[in-house]
Structure formats: structure tokens, C-alpha cells
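Student: Residue-level listing of the chains:
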Amino acid sequence: MYRNLTIRQKQIVWAWAFLAIPILFYGVIRFYPTGNAILISFQEWNLLGDRTWTGFDNYHKLFADPVFWKVFKNTFVYLLLGTPISLVISFVIAYHLDKTRFMHGFLRMLYFLPFMTSAVAMAWVWRWFYQPVPVGLFNNALASIGIPQFPFLQSTTWALPSVLAPAVWAGLGFQVIIFMAGLRAIPRSYYEAARIDGVSSWTVLWEITLPLLKPTIVFIVVFSSIGFLRIFDHVFNMTTNNPGGPLNSTKPLVLMIYETAFSAFDMGYAAAQTVVLFLVLLVVSLIQLRILRDS
Amino acid sequence: MAFFNVKALAVATATSAAALFSTAAQAVEIEYWQYFFDARVQAMETLIENFQEANPDITVKMTHFPYADYRTKVAAAIPAGEGPDVVQLFYGWLNDYVAADLIQPLPADVFPASQIDEEFFPMVQAMKDGDAYWALPTAVRSLALFYNERLLEEAGVEPPTTLDEMIAAAKAMTKRDGAGNLTQVGMTAGMTAQDHHWWREGLIRQFGGEPYVDDYQTVNYNNEAGLEALNFYSSLFTGDDAVTAIGFMDEPQAAFKAGRAGMHIDGSFRIGSLNNTRGLKWGVTELPATADGTRSNYSSYWVNAITTKAEGEKYDAAVKFMDYITSDEAMQIWLDVVGELPAKPSVGLTEENSSDPVFGPFIKGLAYANTTKFANESGQRQLMVEMVERMTLQGMSAEESLAIAAEAEQKILDEYYNSASN
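Chains A and B supply the protein sequences, listed in that same order. Using this note's numbering, the first residue of the first sequence is number 22, and each one after it goes up by one. Using this note's numbering, the first residue of the second sequence is number 409, and each one after it goes up by one.
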């Protein structure tokens, strides 16, 4: 039967034979659990007993839960602060690093190093930096020059930015590398033409560099947005004793899901939160792709 | 095969006859699970060795998991039929396991309820349902007040026996720098550690209250006693004469280990890690009493239970193993190796154990300890953490913050008990 196929059909058969492995793999470890999670979100289950069907109860409970709305807001604060700040800083670094010849490789390595460091180790080091006197590096420095202590992680206002700062720093290296690759990909002839025309370097930046970097910017914005919407390890490790505290001021959605599932063992409620997170990620990514793609 | 089963039954019922049949009986292997903690694993290895020597026809295979994964692993494995025959569970999880039909009651002939009521410390009765016990602990834990001997000496104070003495001692040991920043605290504080237990089962009861009624299904601290307990607790870290600060050196036990805290309330499970702290000279005393001598303590424990997976000869072997690991001998081994307290007064309150300078205060505490029946321990602890945070970070009054905490905790309890009864 195989012998009777045309070459084109044979190619298709082989293509599907090879594709079957990743499709099967994804089906089993990605799509099946995803579907199952959506199913569990309509049920009540404590991981031990039987699952019981509860309809939209978990969703009603979720939308009536003030902690959920607080956490929802936090998640977007992480996104709306984290993405633009890291984008601007990484572009500025990449733009200047691209022009630097002196110790270029070494500097690039320094920026990339935090990205390779374990998030858990980094979060703990920063957690200790932020401690009050006599442990914390920052507060000890402040105290030694006679400035009152700053309540980094002990304040409902400043805890979130304090947690965000190392997360931004950690992601910077990756974004810098991507930006530099984007900058290198811009043909030199545009810059040469601009120089012949005597255009200012500001105009070169606005009219040549940034527009041609658009695909790179789209990629970084989408990628880092998803990262900030899913922020977990920095928050969890910097606030382990009081996860997401003080008073839920640093708690992102993923941490709430984790706590609901693995300390309260309320799997149905946790699954409902997961479905909401999934929809948020989907909508935010689609909006960004749309806005940044056409112009 | 039928003949063999009869024989196996005979083995189970007539323990003394076990030796006679053991050569004929086929070896039975049962599986035991607990979480990984070096001393616990070591103690269990000794117990298994002793047990196998006495019962050559049974082998016990121990499996352990990191603490962080333990609850999830057990919960996933037992329903899948992959789990152990005898399992170690936190007492607070028992309701869920009973409701899901994952463990079976201990047989009344080997573990008669009346005898257990009599022989074990009373808080173990939380494991009893009607005439049967679902599970039994080898060891229990309680709270006590650790103190740093050097700091006490330096300040010229004695280990406190009452709450007033504790405050006075803490004041004497508190140090500040020129700007008023704390550099050494008189005692540690933080609901994230053991203080929420001290507040619930210790302070509230000492101030004349009862934290929960209706078998721990109804919150009962939003009243005078609860408020007094909260005011006492928050006086430790508020005001100009605060003797401590929440989050000082990140974690209470870290501050105590570093020698920057005069006193620290913690459980008997902390003994091992304090012993390994170089340069720390510490002592321990009972939780301070009120002026009229009222004391109260909190006790928690891990229990061993037989799962529904164990059937036939494995069940019989599991019963025998349970019988051994809840024996006096096992409890003494557990105390010596792990430092956890025997669950029976007959072992705990021996002259030697109760006058032990380290274990003594904890063992004495067991006599007046209560065990909170949690629906969701970390969730309920979090409410205590937030109760204090609303006062320190948002300036809310103690009355208001207490009322919010009580309401939120009642909600957790209601949700839990309503869904459990469905």
C-alpha cells in the first residue's frame, strides 16, 4: 500500500511519523493535564477523596474573594512595573554596550551572570540584604550614616517593589543579549546613509534603530510579560515565612494557586484560579501581539 | 493456601507462639513511610532492626521523602494503591484520611480504647472515634521557653517562671544602638514560628479563655480573654519599651541561634539543631505561668496508622509492627535518638526523664497541654500573622483586628466541616 503512494504522499506520511512523537508527548504531558485542570475547576477535590461536581461554585467563590482581587491587582502591578522598567533598562544597556569595545565580552558576561544564577539563591541573598539592623546590608549602611531604617519587606507599600527589583535584575541579562542580537541585525548601510545626510544621533535612534528593532521588542515584551504574570520563585523565597506577605501585598496569582493547592489542598478552587491565570495570559499575549504587530 | 492463612492468623493472635511458626511461615514484607529527618530515620532504623529480630518472618521496608513533598506524595500514592502499609501522618491530617477511607481503625483486641485512654497522655484521645483508635503516636512534642545563658548572666536575671518575670528579664536583655534600632532582643516574637500555638493554647487559656469550643469547630477567642492575650502579646513588640521586633534577624530561631535574643519559645524538635549550634550556651524552662500559677501548653504529634491497602498477612504484620512502635521500649529509643517526648506518662514521667534538664520542661508541659484540631494549619496560622500585621502596619486596634481574625478563622472551619460532612 505504501508503495502505491506518490512521492509527495510518502513525504507526508514520513512527516507525520516523525511529528507523532512530539504530538503524543505534548498530548500526554500538556494537553491532557490542561483539560483535566479545567475539569477539576468545576469540582471539589482534596486530593484524597472522590471528586464531586460543584458546577460554577469555585468561580463564584473566587470572584467573591477579596484576597483574589488583591492578588489579581498585584499580578498586574508586577507586569505593569516589571515589563516597561526591564525593557527600558535592558535597551539602554544593550545600546551602549553595543558601542563599547573596551572589555565588551567581560561586561556582557557581568550582565548575563544574574540570569544564570538560581532564582532561589538570589532571592535569599536579597532577602538578607533587605533585613533590618543588625543583619541587613542596606539598612546597616543607612544606619551607619544616621538615616532611619527603611522597611523594605516589612511594609505593605514597599514590599512589592523590593521583591520586583531582583526579579528585574535577574531577567536583564537575557533581554540585553536579545537586544544586542537585534541591534547587530540592523544593516550598517542605513546608518551610513544617515551619516552622509548628517542626521543627529537622536533621530537615528528614533527613525532607524527603534523601528527596525520592533520584532525584537515584540518578542521581549511578550516574553517578559508572561514571566512577570507568572512570577513565583522570587516572591515565595523572599517571603517564605509569610508567603506573599505582609498582608498579601506581594502575593501573585501563582503563589495563591500554590497555597490553595498544596497547603489548603483545595484542588478545585486552585484549578479555577489556574484557569483564570490561563485566560489572563492568553488575553494579555494576544493584545500585545496585536498592538505591537500592526502599525 | 487456605491452611497457610489460618496459620498466619494464629501467628497474629498468639504473639508468644510466633517463634514456633516463624520458620514455617513465609516472609512477609510490609512498607513503612515517613518524612525525611535524619534523626527520625535513624531511630526508625533501630526500631525496625529490633522488630525484625523479634519477628524474623516479617521484614519492614522504610521509605522516606523530603518533608516538603511528603503530604502530596502520600496523598497521591495511597489512593493509587502504591502506598505503604503503615504510614506516618500529622495528627491534623487524620480527618481527611478517615473520610477518604485510606486508613483503617486499629483492631480493638490489640489496641483496646480503654487501655489507651489510661496509658497515653490525654491529648492522644483526639485520635479516638467511638470505641476505636484510628492512629497512635510514638512521640509527642510540646513548647517551652529557651533562654541564652550568657545573656541572662550578663543582664543579671534568672530564667523566668511567670509572665511578669519574663517581661522583666526580656527588658533587661534588650539592647538598642544610638538611633534606637534594636541590636539585641529580650525575646523573639513572630506568629510565623511557634508563637501562634503559644497564643492560642497558651496565652488565651492562661488569661481565662478557651480558644475554641464545640470540638474545635467554633472560634471562641473574640472576647475579653482573647483581647487580653493579644494585648499582652503585642506589648512585646509595640511601644517605646518593646523588647522585641517582628522579623528581627528574619526568623526567631535564627536570632536565638545567633545569640542576639535572650529568650525564645519553641518546640522540643528544636533541641537537636540548637545542640549543633557552636558557641551557644542555652537552657530551657517551662512556659511561664500567670501570677496565680496558671499554665497552659500546646502539643502536637505525628501518628502512625495502618492503611486500607494492608490486607491479610500484611495486615497482621502491620498490626504487630504498630504494636511495637507504640511500645514503651520504642518511645524511649525515640526520645534518646530524636529528642521527641514519649507519648505515655509511664515512659515520659519517669524520674530520669522528667528531671532531665533539657527534656524535663517539655515533658512537664505535656501534663497541661492542649492539641488544636486544625482544618488547615498554615491557613489558620496565616490569619494570626495577619492579625498582628494589621496592628503593626496599618495601626488597627486590637479589638478590630481580633474580630476580623476570628471571623476569617470561623469561615475556614465552617468550610472544612461542611464539606467533610457532605
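No lab work stands behind these hints, which were simulated from the structure alone. Fair warning: this is a prediction, and the values are worked out from it, not measured in the lab. Where hints are given, some of them may not hold.
Said to hold, decoys possible - The calculated lysine to aspartate or glutamate pairs, modelled on DMTMM-like cross-linking and capped at a C-alpha distance of 25 Å, are: (1) A/Lys91 with B/Glu557; (2) A/Lys82 with B/Glu557; (3) A/Lys91 with B/Glu618; (4) B/Lys689 with B/Glu557; (5) B/Lys819 with A/Asp71; (6) B/Lys781 with B/Glu618.
Student: State for each hint whether it applies.
Tutor: Hints, verified against the model:
1. Using a Cα cut-off of 25 Å, the hinted pair A/Lys91 and B/Glu557 is violated, with the two alpha carbons roughly 45 Å apart.
2. Straight-line distance between C-alpha atoms of A/Lys82 and B/Glu557 comes to about 52 Å, which puts the hinted pair past the 25 Å bound.
3. The straight-line distance between the Cα atoms of A/Lys91 and B/Glu618 is roughly 33 Å, outside the 25 Å bound, and the hint therefore fails.
4. For the hint linking B/Lys689 to B/Glu557, the alpha-carbon distance of about 6 Å falls within 25 Å, and the restraint holds.
5. Annotation: proposed proximity of B/Lys819 to A/Asp71 holds, straight-line Cα distance about 23 Å (limit 25 Å).
6. A C-alpha spacing of about 13 Å is found between B/Lys781 and B/Glu618, which places the hinted pair at or below 25 Å, so the restraint holds.
Violated hints, in rising order: 1, 2, 3; the structure is consistent with all others.
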